[in-house]
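*Asks:* Can you make the complete structure from the sequences, with help from the hints?
So the protein sequences, as listed, match chains G and R. If you're matching positions, the first sequence starts at 107 in my numbering and goes up one per residue. If you're matching positions, the second sequence starts at 636 in my numbering and goes up one per residue.
These are calculated hints, taken from the structure and not from any lab test. One or more of the hints may lead you astray.
[To be verified] Capping the alpha-carbon separation at 25 Å, the derived lysine-lysine pairs in BS3-like fashion look like this:
id: 1; chain 1: G; residue 1: Lys-282; chain 2: R; residue 2: Lys-1043
id: 2; chain 1: R; residue 1: Lys-1076; chain 2: G; residue 2: Lys-224
id: 3; chain 1: R; residue 1: Lys-817; chain 2: G; residue 2: Lys-345
None of these values were measured; they are calculated from a predicted model.
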Amino acid sequence: MSKDNNGLSRRDFLKTTGIATGALVGGGLLGSLITHNVTKENVAGTGKNQGGGEHVGDVFRGRMFFTNLNEFNVLSEAVERIFPEDDLGPGAIGLGVPYFIDNQLAGNYGSNAKEYMKGPFFAGESTQGYQSRLTRAEIFRQGLAKMDEEAKKRFDTGFASLEGNQMDEILTAFQKNEIEMKGVASEFFFKLLRQATLEGAYADPIYSGNINMDGWRMKGFPGHQMAYINEIENEEYMKIEPQSISSMEH
Amino acid sequence: MVKTLDKVDVVTVGVGWLGGIIGAECAKAGMKVVGIERGRERSTADYLMVHDEYRYAIRYELMQDLSKETITFRNNRKMRALPMRQMGSFLLGEGLGGAGTHWNGHTWRFLPYDFEIKTLTEKKYGKDKLSADYLLQDWGITYDELEPYFDTFEKTAGISGEDKNPFAGKRANDFPTPPMIKTPILKKFEKATSNLGYTPFMLPSANLSETYENPDGQTIAACQYCGFCERFGCEYGAKTSAEITVIPTALKTGNYQVRFHGNVVEVLKEGGKATGVRYVDTQTGEEFIQPADVVVLTSYVMNNAKLLMVSGIGEMYDPDTGRGTLGKNYAYQILPGATGFFDEQMNVFMGAGSLGMTIDDLNGDNYDHSELDFIHGASISITQPGVRPIQTNPVPPDTPSWGAEFKKASIYNYSRTLNIGGQGASIPHKENFLSLDPDYKDAYGVPLLQLTYNFTEQDRNLHKYLTEKSKTIMEEMGAKTVMPGNPITDYDIVPYQTTHNTGGTIMGASPDDSVVNNYLQHWDVDNLFVVGAGNFPHNGGYNPTGTVGALAYRAAEGIIKYSKNGGSLV
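*Replies:* This is the structure in structure tokens:
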């Protein structure tokens, strides 16, 4: 992926979409795409090389939610066990998943902003889904503290300094609902943690995870591509260099 | 302080496909129409950042804000109904275009059998094929009567397809545009199903194979196969939806207006007539009354039923006595299928929502049910929608769900896995219904709709039989490992299944067993029309939008007729 290719694919997009850009999208958008194309460099991502995209200027990454470093370390070690580094490529830590989760917990995801959070609250049946009065942010904070507490109980040390198999034992206990949590079941917290890990590994890098698009690269997912109309009849499997949606912004 | 606005000819509640169709047809006929939409305006220009799985598919960017309104759910009357706090099993829409913005575009005509299901089933298999607990009924209209409206909807939407389904109802005209590209993945299914004696054909698609101008002069672009349809809007204007067709058509007349951020809370009536609707401006909190000669409910299944209930229009269904019609015959969709793990890698990330091939040999009454313990069936399809990495982590049986082994297996199989699936019919049961929740309320103080639903024996039998058939097809396709769908037990509102909810405001030939007549005109209030998949007395073996679109054109014709002559249209 080079910038020239980016420019080309944008022009292709504007050409193929024809009527859409002319009649519906309107000149304002067309103008802004072209202007940005010549004035702005790719500043997406986390500061690493974005698969050929240039990095200009400083991009800062940081914790917006967890203030206590140990909490963040527990989270980091746990998600790395769920999605570990191996010969295929980076694990959750290398992909920035802990930062992804932290940043998400600080926003609408963490506060369940688009979800029905009015009482009264009852446990309900499993077929009725999420019935906790706790937000995701509250569940994560409690869950990580419980994981650390469980580590100390079982192994006399904090979760972040455990051996891998000891961490797995504790994660499995959460998964099997063997840990007592307040206002939520531990299996539910585990499901959230697992799902958030996959989200951080494979979401567009604009969300601070999937660093360098390496999650996509491992999986063979090309991310944001304008079109496959010219490739979709190919019998052969195609390896395509991934591209972030942030490439639409310049 | 409620402010009463100037009267209009027609007011619609919600502006998706149905509000758009009614709006366009009535405005073209010279009527003054206002559509009240609780969401915001949006168009193709808003979808440029749409190739973002996390934002759109996982965090539901385009869907209903449940903090304002949701439903409550229980599996049966003995359970306490609790709110659906998060989106899951189905995805409710919001904003201009509604759920029709984030659909895949499968556009079917229900089978002739569907519209006369009770008569035809009893004729062939006798009255006792299903127990009396299944509330099977005819629709009060036949396929042939509805054919011209199917034709109109398909022409408006420019549907791409091929007339090669031997089981389909007779078509007056061919599809407006040719079928989509038959990809290598689709060809595997075509070959396997042909080998097994079935008749595969290209799935009728609202992702268009070529640029098309519809009879209203609206242009729909050609699909680019980018792989982001379901849960997304189309940045090319190539997935037909209301905001690129019927809504601009309505606006062009000068007789149509959409009022955004308006949440309708009540249908007003006086002396057996609807007089208008009351709504809240969700930005200011002000309340308005919009008087109208004709009121049309064109929101989703759930909200259409809820508005009738909170407005006290019609008799609530009572599962103990079987009396009442409002809320009865809620149905869903049964989803048999199989997953196949292959040796070779395939371009699974390319695709379009409706890119697929289908067999109809096991749908409706296209095969003999004499020896089977269920009726109806499913269209069985392979689709190549473009699968994305957060939601698609396929692993063979007995693989752990996290850790090193999971990572390797899910990455390895991502590009080596195909699914075939059935859209299975859902037959209404006396214990499956919609009502009002006594405890939980929405952001405007109106009770939430309550859903009481569970799978039935009919559903389980249908699912089992067709899952077995799907497994055989997948084996014939050459999969190394085939994983049939798990048998269904209790309905679970958590995992996504399908946004094909139906019933609750059903149509029919008599006010004794239906809410609206075959013009979707309310039996008790003749200037009130209720339009949508809520009109389906049962759910058929296909995606619903094609049939819903046809019904909307039928309703529009009825509204125009009514505005001239008044009275009942049947």
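*Asks:* With a cut-off of 25 Å on the C-alpha distance, tell me whether R/Lys-1076 and G/Lys-224 pass.
*Replies:* holds (9 Å)
*Asks:* When you check the alpha-carbon spacing of R/Lys-817 and G/Lys-345, does it fall within 25 Å?
*Replies:* It holds: about 21 Å lies between the C-alpha atoms, which stays within 25 Å.
*Asks:* Given the hinted pair G/Lys-282 and R/Lys-1043, is their Cα-Cα distance within 25 Å?
*Replies:* Distance of about 23 Å is within 25 Å: holds.
Checked against the numbered hints given earlier, the structure satisfies every one of them.
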